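Number of protein chains: 2
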Amino acid sequence: MKTVGVAVIGFGTVGSGVVRLLLEEGDRLAAATGCRLVLRHVCDVDLARPRDVQVPPGVLTDDIERAIGDPEVRIAVETVGGTTFAVDLMKRLLAAGKDVVTANKAALAERGPELFAAAREAHRSISFEASVAAGIPIIRAIRDGLVANRIREVIGILNGTCNYILTRMTSTGASYEEALREAQARGYAEADPHLDVSGEDARHKLAILGGLAFGTRVRLEDVYVEGIAGVDPQDITFGGRLGYVLKLLAIGRVIDGSLSLRVHPTFVPKSSPLATVAEAYNAVLVRGHAVGDTFYYGPGAGQMPTASSIVADLVDAALGRAGTTFESVAWLAGRSAAMPVKPIREVETRYYLRFDVLDEPGVLGSLAGILGRHRISVASVLQEESSDPASVPVVVTTHRAPEGSFVSAIEEVRRLPALVGRAVGIRMLEPGEEAAR
Amino acid sequence: MKTVGVAVIGFGTVGSGVVRLLLEEGDRLAAATGCRLVLRHVCDVDLARPRDVQVPPGVLTDDIERAIGDPEVRIAVETVGGTTFAVDLMKRLLAAGKDVVTANKAALAERGPELFAAAREAHRSISFEASVAAGIPIIRAIRDGLVANRIREVIGILNGTCNYILTRMTSTGASYEEALREAQARGYAEADPHLDVSGEDARHKLAILGGLAFGTRVRLEDVYVEGIAGVDPQDITFGGRLGYVLKLLAIGRVIDGSLSLRVHPTFVPKSSPLATVAEAYNAVLVRGHAVGDTFYYGPGAGQMPTASSIVADLVDAALGRAGTTFESVAWLAGRSAAMPVKPIREVETRYYLRFDVLDEPGVLGSLAGILGRHRISVASVLQEESSDPASVPVVVTTHRAPEGSFVSAIEEVRRLPALVGRAVGIRMLEPGEEAAR
Numbered sequence: 001m002k003t004v005g006v007a008v009i010g011f012g013t014v015g016s017g018v019v020r021l022l023l024e025e026g027d028r029l030a031a032a033t034g035c036r037l038v039l040r041h042v043c044d045v046d047l048a049r050p051r052d053v054q055v056p057p058g059v060l061t062d063d064i065e066r067a068i069g070d071p072e073v074r075i076a077v078e079t080v081g082g083t084t085f086a087v088d089l090m091k092r093l094l095a096a097g098k099d100v101v102t103a104n105k106a107a108l109a110e111r112g113p114e115l116f117a118a119a120r121e122a123h124r125s126i127s128f129e130a131s132v133a134a135g136i137p138i139i140r141a142i143r144d145g146l147v148a149n150r151i152r153e154v155i156g157i158l159n160g161t162c163n164y165i166l167t168r169m170t171s172t173g174a175s176y177e178e179a180l181r182e183a184q185a186r187g188y189a190e191a192d193p194h195l196d197v198s199g200e201d202a203r204h205k206l207a208i209l210g211g212l213a214f215g216t217r218v219r220l221e222d223v224y225v226e227g228i229a230g231v232d233p234q235d236i237t238f239g240g241r242l243g244y245v246l247k248l249l250a251i252g253r254v255i256d257g258s259l260s261l262r263v264h265p266t267f268v269p270k271s272s273p274l275a276t277v278a279e280a281y282n283a284v285l286v287r288g289h290a291v292g293d294t295f296y297y298g299p300g301a302g303q304m305p306t307a308s309s310i311v312a313d314l315v316d317a318a319l320g321r322a323g324t325t326f327e328s329v330a331w332l333a334g335r336s337a338a339m340p341v342k343p344i345r346e347v348e349t350r351y352y353l354r355f356d357v358l359d360e361p362g363v364l365g366s367l368a369g370i371l372g373r374h375r376i377s378v379a380s381v382l383q384e385e386s387s388d389p390a391s392v393p394v395v396v397t398t399h400r401a402p403e404g405s406f407v408s409a410i411e412e413v414r415r416l417p418a419l420v421g422r423a424v425g426i427r428m429l430e431p432g433e434e435a436a437r
Numbered sequence: 001m002k003t004v005g006v007a008v009i010g011f012g013t014v015g016s017g018v019v020r021l022l023l024e025e026g027d028r029l030a031a032a033t034g035c036r037l038v039l040r041h042v043c044d045v046d047l048a049r050p051r052d053v054q055v056p057p058g059v060l061t062d063d064i065e066r067a068i069g070d071p072e073v074r075i076a077v078e079t080v081g082g083t084t085f086a087v088d089l090m091k092r093l094l095a096a097g098k099d100v101v102t103a104n105k106a107a108l109a110e111r112g113p114e115l116f117a118a119a120r121e122a123h124r125s126i127s128f129e130a131s132v133a134a135g136i137p138i139i140r141a142i143r144d145g146l147v148a149n150r151i152r153e154v155i156g157i158l159n160g161t162c163n164y165i166l167t168r169m170t171s172t173g174a175s176y177e178e179a180l181r182e183a184q185a186r187g188y189a190e191a192d193p194h195l196d197v198s199g200e201d202a203r204h205k206l207a208i209l210g211g212l213a214f215g216t217r218v219r220l221e222d223v224y225v226e227g228i229a230g231v232d233p234q235d236i237t238f239g240g241r242l243g244y245v246l247k248l249l250a251i252g253r254v255i256d257g258s259l260s261l262r263v264h265p266t267f268v269p270k271s272s273p274l275a276t277v278a279e280a281y282n283a284v285l286v287r288g289h290a291v292g293d294t295f296y297y298g299p300g301a302g303q304m305p306t307a308s309s310i311v312a313d314l315v316d317a318a319l320g321r322a323g324t325t326f327e328s329v330a331w332l333a334g335r336s337a338a339m340p341v342k343p344i345r346e347v348e349t350r351y352y353l354r355f356d357v358l359d360e361p362g363v364l365g366s367l368a369g370i371l372g373r374h375r376i377s378v379a380s381v382l383q384e385e386s387s388d389p390a391s392v393p394v395v396v397t398t399h400r401a402p403e404g405s406f407v408s409a410i411e412e413v414r415r416l417p418a419l420v421g422r423a424v425g426i427r428m429l430e431p432g433e434e435a436a437r
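Top line first, the protein sequences correspond to chains A and B. Under the working numbering, the first residue of the first sequence carries the number 1, and numbering increases by one thereafter. Under the working numbering, the first residue of the second sequence carries the number 1, and numbering increases by one thereafter.
Keep in mind that the hints were calculated from the coordinates and are not lab data. Remember, predicted model here, so these are calculated numbers, not experimental data. Every residue gets a Cβ at the ideal spot worked out from N, C-alpha and C, and that includes glycine. It is possible that some hints are incorrect.
Unchecked claim - Computed, partial: chain A to chain B, Cβ under 7 angstroms:
1) G34
2) A148
3) G298
4) R321
5) S391
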């Protein structure tokens with residue numbers, strides 16, 4: 001039987017998961033694929049820390065050169081993370097003739113073209129199924145399974161931490177801060193949650209998915225991002241009454257030949273499959289011109305789901321399919337053209353607006369007048385009798401209008417003397433944007 | 001650029017969709033994959049019938065030998081259907097050195113091993129993404145994306161016609177016959193709906209998915225099947241009140257080393273993602289030991305979704321990945337061992353039972369006594385005050401027990417003089433069997 005040497009660099013949570021699968025599933029995988037993956041090195045700077053998996057003697061090392069210099073290592077798994085050392089490491093591994101498998105979305109989103117070029121120069125491949133939505137094989141689905149389609153739209157829930165927080169806020173009415181603490185207590189959020197709650201992590205993933213789905217180079221700075229830190233539970237409640245659920249969505253579209261990529265909190269109609277994705281799960285809705293809507297759902301983070309996708313990539317690389325794919329797919333092979341980018345101000349969307357105003361005559365008229373002057377058409381208004389005339393929330397949903405109109409209108413509302421509290425704007429996924437069911 | 005000649009055999013609905021994609025998307029596909037698929041022949045016995053796609057002159061033919069004998073044809077698409085002529089045709093195409101792409105689930109389920117052996121002998125491949133769940137790339141997901149997993153369970157809604165009929169019965173209270181007529185009027189059911197409503201089509205698909213997911217040879221006769229023709233709308237209503245939705249499920253499991261494959265109407269908890277799959281959509285839930293639950297949802301039938309998957313397979317074959325896969329994956333390469341099959345009577349499940357009985361003293365006691373004697377434990381009872389003492393429905397849900405116990409208990413109930421109407425049994429998906437959300 002064919003055998004292929006593997007090195008795992010980085011023996012943290014994900015690295016341990018990969019090592020465990022290689023050791024525990026080695027025989028089954030060899031029987032199932034006709035190829036044995038042999039774990040030759042596991043490298044980490046910290047050898048003392050206890051792990052939940054036993055590595056055979058001689059395999060664990062803090063000397064990365066042993067892996068790089070071993071000609072029997074044909075594939076290396078990078079689980080170090082970050083965009084500097086890890087990128088240099090991947091380049092060295094490629095130059096040393098190894099295929100690379102990684103889950104490093106930050107490195108791919110920020111320095112992907114550079115990494116892909118290094119792989120091409122070395123006639124090696126980089127595979128990264130685990131970089132987006134961890135255990136869901138969404139990269140393969142878009143790249144291979146849906147290749148016949150002009151992909152019109154990709155909409156994802158790509159950050160499990162944010163989805164957990166928003167799910168808790170929705171189900172218990174908790175504040176953002178309470179839900180974040182709960183997520184931290186249950187291991188769904190880091191002590192420093194910035195990368196997740198700022199939307200930055202989802203932005204990295206959308207940059208990768210968008211490049212692949214639309215076959216174009218994506219610059220990270222062209223992906224618009226807003227996080228969930230400012231979300232107020234009362235908007236989740238109002239949205240719920242209107243038939244919507246709040247999600248941090250990553251939305252990619254090609255609009256009139258221009259690329260539009262954005263990550264922001266979004267009201268999703270309850271009838272959409274995206275609305276049913278709860279807790280720390282991830283999901284992606286892909287709209288193709290031939291297939292229509294397909295939807296993928298599963299664990300978007302965690303040791304074993306991530307390791308599951310990394311080992312799938314190892315098998316692909318070992319069988320030689322990864323190399324074929326890397327040479328063929330335009331985006332990986334560096335043959336994709338850049339696309340013009342549609343500025344966020346020009347993107348059309350619907351909005352949910354909440355204005356906390358004085359309960360006095362003429363205020364609703366002023367608000368409506370401002371929206372009208374910015375050519376924003378009102379779809380619904382929700383204002384309830386209030387016990388506190390000093391501050392009454394007025395909730396308005398709108399029809400489609402350009403983002404720029406909303407920005408200008410909200411600025412104008414903020415100058416109204418009657419505005420005593422917040423002026424909140426949350427984008428809405430339109431009915432036509434949800435999956436037909 | 002690499003060019004690969006393609007023949008499409010069978011110019012019906014699906015064949016026309018494939019031809020359309022090859023003609024309309026040819027340039028984009030060539031750019032995206034680095035390989036041009038050249039349509040050399042489109043073969044059909046009936047050249048006169050109007051189609052919605054124009055074929056270039058000289059390509060359309062009623063002479064299949066032109067395709068088989070053309071050395072420039074490297075890949076052939078079989079859309080003829082059936083298990084006799086189509087199988088012989090595929091064997092001839094393979095022997096002539098062509099890779100084969102097909103959506104023919106009946107041929108694969110009934111004569112798969114024979115076809116795979118013919119492909120191996122010819123050193124060619126057979127690809128069949130479109131044979132299960134049409135546009136959803138579920139074959140790739142299980143075969144490649146989840147390869148690291150011991151797959152514990154596959155649960156699918158694999159027949160769009162049945163799902164459409166059950167959805168209509170659920171939403172409108174229509175009878176089975178009314179819903180079937182509606183499905184026929186809307187093109188979701190054939191004039192002769194037997195293959196779909198009997199569960200046979202889903203059975204074919206489960207035989208394919210089960211073989212792949214569990215890496216074993218599946219004999220079609222080992223897949224238990226019950227269709228939806230006997231379903232009574234009142235059971236859908238009672239189930240709904242208990243928190244369940246009725247679906248035709250295809251369930252594959254490995255239980256203590258034995259294979260259990262079955263297709264039957266099943267009550268699914270409303271909290272399961274499977275419960276949200278409506279109309280003619282398909283979905284598959286895959287439970288892997290490392291990844292956990294992943295869920296795939298999309299159009300399970302139709303011209304362009306099916307063509308989408310066929311063209312994906314064409315690209316795989318053209319790039320050479322299909323050949324690598326076919327040689328490597330144990331199930332395709334004929335290295336899979338058969339597994340013992342668990343007889344349906346030994347499978348444990350929960351049941352929903354409805355007995356239409358006389359409203360008189362002692363009847364409930366008799367029913368409970370029969371269940372108890374068969375060691376079936378009652379989970380809930382629903383009996384409402386009735387205006388018609390001559391026939392009262394008693395609805396019982398049970399805890400887990402072996403199928404055989406239910407068969408015996410229901411037989412005994414049928415001998416009760418108090419049973420004046422039907423004795424209905426419908427299996428229930430257990431809470432532990434639904435996806436964690």
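Item to check | Ascending list of hint numbers which this structure does not respect | outcome: 5
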